[in-house]
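**Student:** The primary structure of each chain is shown beneath.
There are 2 protein chains.
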Amino acid sequence: MNGKWYINKGEHGDVVISTRIRLARNIAKYPFPVRLDAEGRQKVFAEVRKAVQADKSAGFGYIDMSALNRSQAVSLAERHLISPEFAGSNSPGALLLTEDESVSIMVCEEDHIRLQVMQAGLALQEAYARADAIDDALDARLAYAYDARLGYLTQCPTNLGTAMRASVMLHLPALTRCGQISRLAGAVSKLGLIIRGAHGEGSSPKGDLYQLSNQITLGITEKAALDNLQSITLQLVNQERDARKALLENPAESDKVWRALGILQTARLLSGDEFMELVSLVRLGCAAGMLDTPLEKVNELMISMQPATITAAQGRNLTSQQRDAVRAEQVRSALAAG
Amino acid sequence: MNGKWYINKGEHGDVVISTRIRLARNIAKYPFPVRLDAEGRQKVFAEVRKAVQADKSAGFGYIDMSALNRSQAVSLAERHLISPEFAGSNSPGALLLTEDESVSIMVCEEDHIRLQVMQAGLALQEAYARADAIDDALDARLAYAYDARLGYLTQCPTNLGTAMRASVMLHLPALTRCGQISRLAGAVSKLGLIIRGAHGEGSSPKGDLYQLSNQITLGITEKAALDNLQSITLQLVNQERDARKALLENPAESDKVWRALGILQTARLLSGDEFMELVSLVRLGCAAGMLDTPLEKVNELMISMQPATITAAQGRNLTSQQRDAVRAEQVRSALAAG
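Top to bottom, those sequences are chains A and Y.
According to this note's numbering, the first sequence is numbered sequentially starting from -4.
According to this note's numbering, the second sequence is numbered sequentially starting from -4.
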């Protein structure tokens, strides 16, 4: 996992795990992927690959999705490099990916091009600037489907306009424990944003991880959308920080943080769900300075200890108990006491 | 706790925590304590004290029970140095106790003299020999109430005869988890023994600690009673060892041992009940060689982390949460990783 984007320390990293910008683009001369035959897809793969790899310094690798086994494909989705739909799709698809996994381009997912830039912490401007530069370079080589009134043309009308989805992944263990999430969800929706569990839907998502993203793409500039997301994110960051402070002043709650560390340091079997529950508490303790494990190490574990990512890294099929044993072993080694 | 009897390694110490011999004796010229007035009690205290302390080398200290506060008195009962009834009694009583707490003599409990010898592990012959030697020395100075047919005369007729209760404290975590205890209880009762929870009655006593003792004192020699207890103890030891081996071959069960250690090494609040539950698993792991904490250290914790013993050692009143915090701190320090 060396050299990946998530080993960096990000701004407001105690609460904001990562920032993601995603642009949807289509090439004017081809139908949308859903209407594209096998031959047409191959042409799109080739054109996009050529355009993306024209700049060797960007360092994009090319992955034929049909060459991956199921664990490898699902692992890409677990790491948010591709959509779950793309991982499970039967239609041919391709992925262009930088070595540090910070930039990925899905080719022939819902649109011809889904360009995504990820950065650690809160970094909306930087991530957008990077995405914008790559987008400009591609635009110079591929004629995008664009309409002066509707903006970028996308298969789904909800993406028309900027066709940009900006999001931040938030770690909200304290607001979750205080039962504040549904109130916040209502509040942010009135401001054009949506908050949802980053892993699994439901009232309490795994690891207390949430995705906050913009909903509106039409009739708004990228800058306005980013400014809005930035300002609301900062408000949530402050609310979470206040809630953490209050929570950890309760000895019974900080005790839970310590115990979570103790279990992760000793368990020989760890299911994915239990791991996420415990690592969330440990991350809370690290961010509060109670524990001295670096946050980036915890972030890395939250990414690398997902089921398909473990299986893909082992390079062999694992039973559920074998996977739980591998997870426990790697977590122990990462969080070893002393 | 340095120098106490329980820091020694005992025979069959993986299963047998301690051996206890208790002899009940009364002085012929005084009525039983229940019939004794305050002046009479003082005379008995003085006579027994003089007889016991005649041999300076034995090193008995004298404790006036009425000089102890409640925590100090209950702590003595938690450590099995006195009976719970003696700790809670409103009648005057006295205790003679050696520095290492291996020999204690309750004066004016149910009988004038309740002499008790404790040793680590399975040591019935040695403990009895020690008790017998002290008893002989006292007998030379105090004229015991003795009847050729009924043996030693005691207030409660169930103690007549040898007036000896021999017992072993067993740690049976595996047989408890396999649901074997009630079957064993039925079996040993047919052999003149009784098995019961050493801490708290009920189906699953705290810490999986059980007391196995002889029931019959009349019409049997001390030797026969000890031989019977010894032989059945060894059978239970073997059954427990087999059950532990089978239990720990199950990865989910050995995982519980590791987690118990992890929680004890990190928790900031530990109730007495939770501590006993977790330390029982840790003791199981130590005895099986999974963990490298010495068994004697675990035994010492099981004794010293009891509620009144913690409070008495702190020398001040503690709220329940304060006591749980002290317990957690001392357990962490005793079991510190690395």
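Note that these hints are calculated values from the structure, not bench results.
Treat the hints with caution; some may be incorrect.
When chains are identical, the list treats them as one kind, so a pair holds in a single copy or across two.
Computed cross-link-like contacts, BS3-like style, restricted to lysine-lysine with a CA-CA straight-line distance of at most 27 Å [said to hold, decoys possible]:
| hint | residue 1 | residue 2 |
| --- | --- | --- |
| 1 | Lys51 | Lys(-1) |
| 2 | Lys201 | Lys251 |
| 3 | Lys292 | Lys38 |
| 4 | Lys240 | Lys51 |
| 5 | Lys45 | Lys240 |
| 6 | Lys45 | Lys251 |
| 7 | Lys201 | Lys51 |
| 8 | Lys4 | Lys24 |
| 9 | Lys292 | Lys251 |
| 10 | Lys185 | Lys38 |
| 11 | Lys185 | Lys292 |
| 12 | Lys292 | Lys24 |
| 13 | Lys240 | Lys24 |
| 14 | Lys24 | Lys(-1) |
| 15 | Lys38 | Lys201 |
| 16 | Lys292 | Lys218 |
| 17 | Lys24 | Lys201 |
| 18 | Lys292 | Lys201 |
| 19 | Lys4 | Lys292 |
| 20 | Lys240 | Lys38 |
| 21 | Lys45 | Lys292 |
| 22 | Lys4 | Lys185 |
| 23 | Lys(-1) | Lys38 |
| 24 | Lys218 | Lys240 |
| 25 | Lys218 | Lys38 |
| 26 | Lys(-1) | Lys240 |
**Student:** If you test the structure against every hint from before, which numbers come out violated?
**Tutor:** 3, 4, 5, 6, 7, 8, 10, 11, 12, 13, 14, 15, 16, 17, 20, 21, 22, 23, 24, 25 and 26
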